[in-house]
Amino acid sequence: MHPRRATFWALYLLPVGWVGLFFLVPLVLMFALSFRADMQGELLGLWRPTLDQYEAIFAIGSYWRLLAISIGMAFIVALMAVAMAYPVAYFLVFRAGRAAGLCLVILMIPFWTSFLLRVMSWKFLLGSEGVINSFLTYIHAIAQPLGGLLYSRNAVVITLVYVWIPFAALPIYAALQRIDSEMLESASDLGARPWASFWAVTFPLSLPGVLASFFMVFIPTVGEYVTPLLIGGSRGSMFGNIIQDFFTKAANWPRGAALSMVMLAVTLVLVAIAARLVNLRRLLE
Amino acid sequence: MTIGLQSVAALRRPRVLPIYFGVLVFLLYLPLAVLLLFSFNAGTSLSFPMQNLTLHWYQRLFDSPEVLRAARNSMVVALSSGTAATLLGTAVALLLTRFRFRGESFLFALAMLPLVVPVVVLAVALLVLFLAIGIDRSLLTVAIGHTVVALPFVVLIVTARLAGFDRDLEDAAMDLGAHYPKVIAMIILPLIAPAVISAWMVAFTVSLDEFALALFLAGNDATFPVYLFSQLRFASRLPVMIALAVLLMVATLALVLLAEWIRRRGHRNVTDTR
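Heads up: the sequence lines are chains V and W, in that order.
First residue of the first sequence: 0, per numbering that gives the first Met the number 0; consecutive thereafter.
First residue of the second sequence: 0, per numbering that gives the first Met the number 0; consecutive thereafter.
Just so you know, the hints here were simulated from the structure itself, not pulled from any lab data.
Here a beta-carbon is modelled for each residue, glycine too, at the ideal position from N, C-alpha and C.
There is no bait here: all hints are sound.
Estimated spans, in silico, between C-beta atoms of each pair:
1. W:R14 - V:V268: 41 to 47 angstroms
2. V:G100 - W:D174: 36 to 42 angstroms
3. W:R68 - V:F74: 37 to 43 angstroms
Given only the sequences and the hints, what does the whole structure look like? Please build it.
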């Protein structure tokens with residue numbers, strides 16, 4: 000065998016085997032599981048495939064409502080995170096000057112601290128006896144603790160936006176950095192006012208970064224279950240939480256598997272849309 | 000920066016953007032600062048007014064065997080999954096940049112997919128797999144899961160590095176009759192070492208921080224985030240947990256900054272030798 004070909008297979012087999020066994024096979028197993036009627040019998044045994052779970056899911060409106068709500072929440076989170084991150088990226092590229100590198104590190108540090116910790120810190124902040132309420136009571140700004148800060152969909156959205164902002168700034172930062180400064184100069188030479196040249200030149204040129212950033216927040220947020228678990232309570236739960244429930248408390252795995260397939264399908268559709276709008280490989284170069 | 004660029008970028012109130020950046024950074028750090036502050040608070044509840052300052056909770060930390068065990072477990076999982084993900088991801092990166100083959104984009108897609116598949120779906124799917132093939136949940140199952148989620152990060156970091164330098168050295172070595180495995184070992188690996196190390200550290204950090212998979216895949220032996228989560232119910236345990244979380248935060252941060260420093264240093268060395 001040609002030595003280069005031998006090297007190819009040596010490099011190829013282990014990663015593909017690993018990802019196949021611990022990523023593709025589990026998803027295929029879940030797909031199979033979603034066609035079971037119940038939890039009777041061996042996990043790998045044979046059973047008669049049925050569409051019972053999918054029929055049940057289609058009939059139950061609350062699943063679809065929760066799915067729509069989760070997608071809506073993720074959309075709002077992504078929109079807010081991008082809108083709030085854009086001026087930061089703009090500042091870093093065009094204004095920070097020599098301090099840009101340092102500012103970027105300062106911005107990213109919170110993103111590299113524990114995710115669970117950052118989510119938890121909001122629980123302590125928003126709780127009825129938490130930091131915000133006790134502080135406001137302590138300085139006599141309010142007489143009664145404000146209820147409803149925690150355990151709501153708003154709390155989940157706020158926390159997720161907070162968690163994502165530094166990350167959302169990165170693709171926008173990369174896109175803004177790539178803008179040819181001559182373009183901006185010629186816009187100003189031609190007499191464009193700052194705002195006009197921003198909307199006519201800078202923003203359109205940064206759009207790939209904006210879209211990348213939007214989808215990099217939107218897609219994982221649709222499947223989020225940890226933040227609602229900690230911050231949302233029962234009133235703030237998302238679609239991921241019912242999947243989790245069916246594999247833990249409710250112990251109806253086939254239903255959970257079918258719901259997982261619905262979630263996976265939604266995610267893949269979003270990825271396909273994102274892939275059409277953003278050239279991921281080009282953005283990485 | 001040129002004068003023209005500045006005049007274009009100038010808004011009417013030039014101070015707006017720096018102020019916005021300052022406020023946003025303040026808000027980003029506020030929750031973390033509050034945690035840090037209350038880790039020194041003598042009272043057990045996280046509310047104002049604060050009690051006396053104390054290091055009591057940090058002392059208690061080291062008397063508590065379960066806490067230390069959970070921290071140790073996280074280290075073991077992060078070390079093993081970080082190493083496995085780095086080996087696998089570097090192999091994928093070499094394939095993507097140094098070989099032409101059918102299914103190249105399939106391999107890229109496969110390596111990137113763990114980034115987009117919802118974690119809850121991957122978690123329950125792995126749970127089903129391990130049950131089906133009769134592997135009990137343990138630190139091993141957590142580590143396997145973490146290898147899968149860390150893989151895309153390694154592939155991205157190492158691929159970027161491999162694409163970044165030209166192949167003159169490799170070609171020269173091949174012309175002189177070196178076999179390709181030798182070229183990889185003697186030329187490519189030393190050149191990409193900084194990226195590989197930095198990828199390893201990112202994979203390590205991803206695992207150390209990972210909670211969503213670990214919650215499903217950890218057996219009785221919890222990793223630190225899972226243990227932290229299980230202790231949230233007990234208000235009296237909270238200050239000790241926060242103290243530990245602060246320590247973990249500092250450790251993670253040090254590692255990330257070190258990884259970034261190594262990556263940049265390596266980058267500079269290569270551009271210098273050109």
